[in-house]
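These protein sequence lines map, in sequence, to chains B and R.
The first sequence begins at 1 in my numbering and counts up one residue at a time.
The second sequence begins at 293 in my numbering and counts up one residue at a time.
Mixed in with the good hints, there may be bad ones.
Keeping only pairs whose Cα atoms sit at most 35 Å apart, straight-line, the calculated DSBU-like set for lysine-lysine is [said to hold, decoys possible]: (1) Lys91/B x Lys222/B; (2) Lys301/R x Lys317/R; (3) Lys556/R x Lys91/B; (4) Lys556/R x Lys222/B; (5) Lys594/R x Lys222/B; (6) Lys163/B x Lys117/B; (7) Lys282/B x Lys117/B; (8) Lys117/B x Lys594/R; (9) Lys282/B x Lys222/B; (10) Lys556/R x Lys594/R; (11) Lys317/R x Lys300/R; (12) Lys556/R x Lys300/R; (13) Lys317/R x Lys556/R; (14) Lys370/R x Lys91/B; (15) Lys163/B x Lys222/B.
Some, not all, of what chain B presents toward chain R, calculated at C-beta under 8 Å [unchecked claim]: (16) Ile77; (17) Ile114; (18) Thr125.
Worth flagging that the hints you see were computed from the coordinates, not collected in a lab.
Backbone N, C-alpha and C define an ideal beta-carbon position, used for all residues, glycine too.
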Amino acid sequence: MDWPSFFQSIANGVLIAGLYAAVTLGLTLVLGVMGIVNFAHGELVMLGAYNTFWFYTLLGLDPLVSLSLSGLLLFFIGIGIYRFTIRPILKDPPLNQLLLTLGLSIFFQNLAMILWKTDSRSVITSYSGMSLHLGMVHIGLTRLITFLLAVTLTILLVLFLYKARPGRAMRAVSENNTASWLIGINVQRTYLLAFGVASAIAGASGALVSTVMYTFPMVGFKLSLKAFCILVLGGLGNIPGALFGSLILGLTESFVGTYVPEGSGWAEGISFILLIIILLIKPTGLAGTRRE
Amino acid sequence: MSRSLSWKKGLGLVALALILISYPKLVDSYFLHLSVATLLAMIMACSWDILARTGQVSVGQAGLFGIGAYTAALLYQKVHLHPILGMLAGALLALMVAIGLGYLTLRLRGIYFSITTIAFAEALSVIWLMTPSITGGAMGVSTPPLFGGNREHAYYLILTLFGLVLLALWLIESSRLNFAFTAIRENEEVANVMGINPTRYKVLAFAISAFFAGFAGGFYSHYNTYIIPYEVFGLGISIACLVMPIFGGLYTILGPIIGTILIKAIEEYLRVTISYGHQIAYGLILVMVVLFMPEGLIGLYKRRILPLWGRGTES
Chain B
1 MDWPSFFQSI ANGVLIAGLY AAVTLGLTLV LGVMGIVNFA HGELVMLGAY NTFWFYTLLG
61 LDPLVSLSLS GLLLFFIGIG IYRFTIRPIL KDPPLNQLLL TLGLSIFFQN LAMILWKTDS
121 RSVITSYSGM SLHLGMVHIG LTRLITFLLA VTLTILLVLF LYKARPGRAM RAVSENNTAS
181 WLIGINVQRT YLLAFGVASA IAGASGALVS TVMYTFPMVG FKLSLKAFCI LVLGGLGNIP
241 GALFGSLILG LTESFVGTYV PEGSGWAEGI SFILLIIILL IKPTGLAGTR RE
Chain R
293 MSRSLSWKKG LGLVALALIL ISYPKLVDSY FLHLSVATLL AMIMACSWDI LARTGQVSVG
353 QAGLFGIGAY TAALLYQKVH LHPILGMLAG ALLALMVAIG LGYLTLRLRG IYFSITTIAF
413 AEALSVIWLM TPSITGGAMG VSTPPLFGGN REHAYYLILT LFGLVLLALW LIESSRLNFA
473 FTAIRENEEV ANVMGINPTR YKVLAFAISA FFAGFAGGFY SHYNTYIIPY EVFGLGISIA
533 CLVMPIFGGL YTILGPIIGT ILIKAIEEYL RVTISYGHQI AYGLILVMVV LFMPEGLIGL
593 YKRRILPLWG RGTES
């Protein structure tokens, strides 16, 4: 067996899984807290990626610095989206929520095409070409930093959800919003904050996306579909499931990329195939769902 | 809705049919092309609506459209099958795929069904791109112009198909299928208890819907003379299929038609004004409809406009 390429595949898979996890976390948070599958989540990531790209191109700001700016910007965009579009339809049937967020997704995709054309853009920093050699494995510095930041984001979110008061309120609301309201939690404000935080995470992951992938108007939609696959793999609305799903998808894509002829092209389709297969076997996702 | 039409309505329909038939003589070539595109979009909108009547909201109608398009184009390229037979073959293949997919996705409800249909269309796109020896890959497939480039003939062909889709919708509305579809959409468990077999009707709706989507795809490939996977399996087509009937008014015959005409007009205007992203209108309309006019234009007309004339809200 060709061990170097085997270990290289594992390393690549794990590194990209970090990014997938960061993208999926925001989706998981919104789904877990308010029970909405936000189709426009990927577009928020896309906006974060463009934001980082422009900060880098126009002002020379390092992506790792503008990450927090992207997060902050998207936090406010998210709050606006929630206030004017999501809040009025919180009690609507799920299909209306799907159509609304799908509409937002299409809107932002096309807005990006109008503003920035369909060119693929990438952020190339001074350290983009550098890589580390760990035994048989080469790890690109950008990918490693991206991975570490994605892990940091995850840890911060978990700490927020388990230690901070607003975060704990979000968990309470996700368990039972009527009981939360009875014990004095402001459910509306918790929803607003959850959507804002999820959007901020999307913005920050967008900054990461811009450094390791091409940024183009449809990148968010592609990531959304991968995130759906991850959600279905790991069970809806729970964080460990999202991390597990990201790892599975990242590794599968990476192994297909290495071992199947013309694998990198086929790897793009893995998430769709996995998604369909899992839903066919178990219509509510592998790990079931926590909310009805 | 009753089976017999009043003579007034009948006369109106005959007049409309006469106008539609003599239409190519009255307009210029550009407008004729626009009309063909609009009729094609109407067929797709109606085909989506037929499926949606059973509560199955597809975001992957492009998958079936693409199957039809590629079947027709490849059959012409490989064995020189007559274009119309090719379209029919595409429609039948899409129908068979839909029956298979329909059985597989039976247990999926709501959002899971929608997500699976997106994945279906996107997966087809990847498969097509990765098997260029059979499908032409990213380079696509081209065919000579339909009927030697005679747009009038193309118009009559698509008009005929449009007539057929209207006939199918009318038959559905005036038969027991309407009740079965509605019952399944409102509550599948209850429908089942009442003796409606959801499996059979859901797959039936999928099959009818796919037949028209596949035929439309086949027509598109020959009319457009050139298809690529990104386009015919693309999200753009799937979105158009669902926004047009939702804008017009769901589960009606008139809704998808009105919605399509208005959206096509907006889209054509935007296409001329901005070079990219004219589908932004679709996104905006979808958001607006969900927020402000849940029953589309038809619902708006019934609830807001009719009362102004003192007719109440009866339909």
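Tested hints:
1. Between Lys91/B and Lys222/B the alpha-carbon distance is near 28 Å, which keeps this suggested pair within the 35 Å criterion.
2. Proposed proximity of Lys301/R and Lys317/R is supported: the alpha carbons are some 25 Å apart, at most 35 Å.
3. With a CA separation close to 32 Å, the supplied pair Lys556/R and Lys91/B stays within the 35 Å bound.
4. A C-alpha spacing of about 27 Å is found between Lys556/R and Lys222/B, which places the hinted pair at or below 35 Å, so the restraint holds.
5. Using a Cα cut-off of 35 Å, the hinted pair Lys594/R and Lys222/B is violated, with the two alpha carbons roughly 39 Å apart.
6. With a C-alpha separation of about 43 Å, the suggested pairing of Lys163/B with Lys117/B is violated against the 35 Å cut-off.
7. With a C-alpha separation of about 40 Å, the suggested pair Lys282/B and Lys117/B falls outside the 35 Å cut-off, and the hint is violated.
8. Note on Lys117/B and Lys594/R: the hinted pairing is violated, with a Cα-Cα distance of about 41 Å set against a maximum of 35 Å.
9. For the hint pairing Lys282/B with Lys222/B, the CA-to-CA distance comes to about 23 Å; that is within 35 Å, so the pair holds.
10. Simply put, Lys556/R and Lys594/R have alpha-carbon atoms about 23 Å apart, close enough for the 35 Å limit, and the pair holds.
11. For a cut-off of 35 Å, the pair hint linking Lys317/R to Lys300/R stands: about 27 Å separates their Cα positions.
12. A C-alpha spacing of about 29 Å is found between Lys556/R and Lys300/R, which places the hinted pair at or below 35 Å, so the restraint holds.
13. With a C-alpha separation of about 22 Å, the suggested pairing of Lys317/R with Lys556/R holds against the 35 Å cut-off.
14. A threshold of 35 Å between alpha carbons decides the hint, and for Lys370/R with Lys91/B the separation of about 53 Å lies outside it, so the pair is violated.
15. Of the pairs offered as hints, the one joining Lys163/B and Lys222/B holds, with about 33 Å between alpha carbons and a cut-off of 35 Å not exceeded.
16. Because the smallest distance between the Cβ of Ile77/B and any Cβ of chain R comes to about 15 Å, over 8 Å, the interface hint for this residue is violated.
17. Interface hint at Ile114/B: satisfied, since its Cβ lies 4 Å from the closest Cβ of chain R, which is below the 8 Å cut-off.
18. Residue-level restraint check for Thr125/B is violated (minimum Cβ-Cβ distance to chain R is 28 Å; threshold 8 Å).
Violated hints for the displayed structure, listed by number in ascending order: 5, 6, 7, 8, 14, 16, 18.
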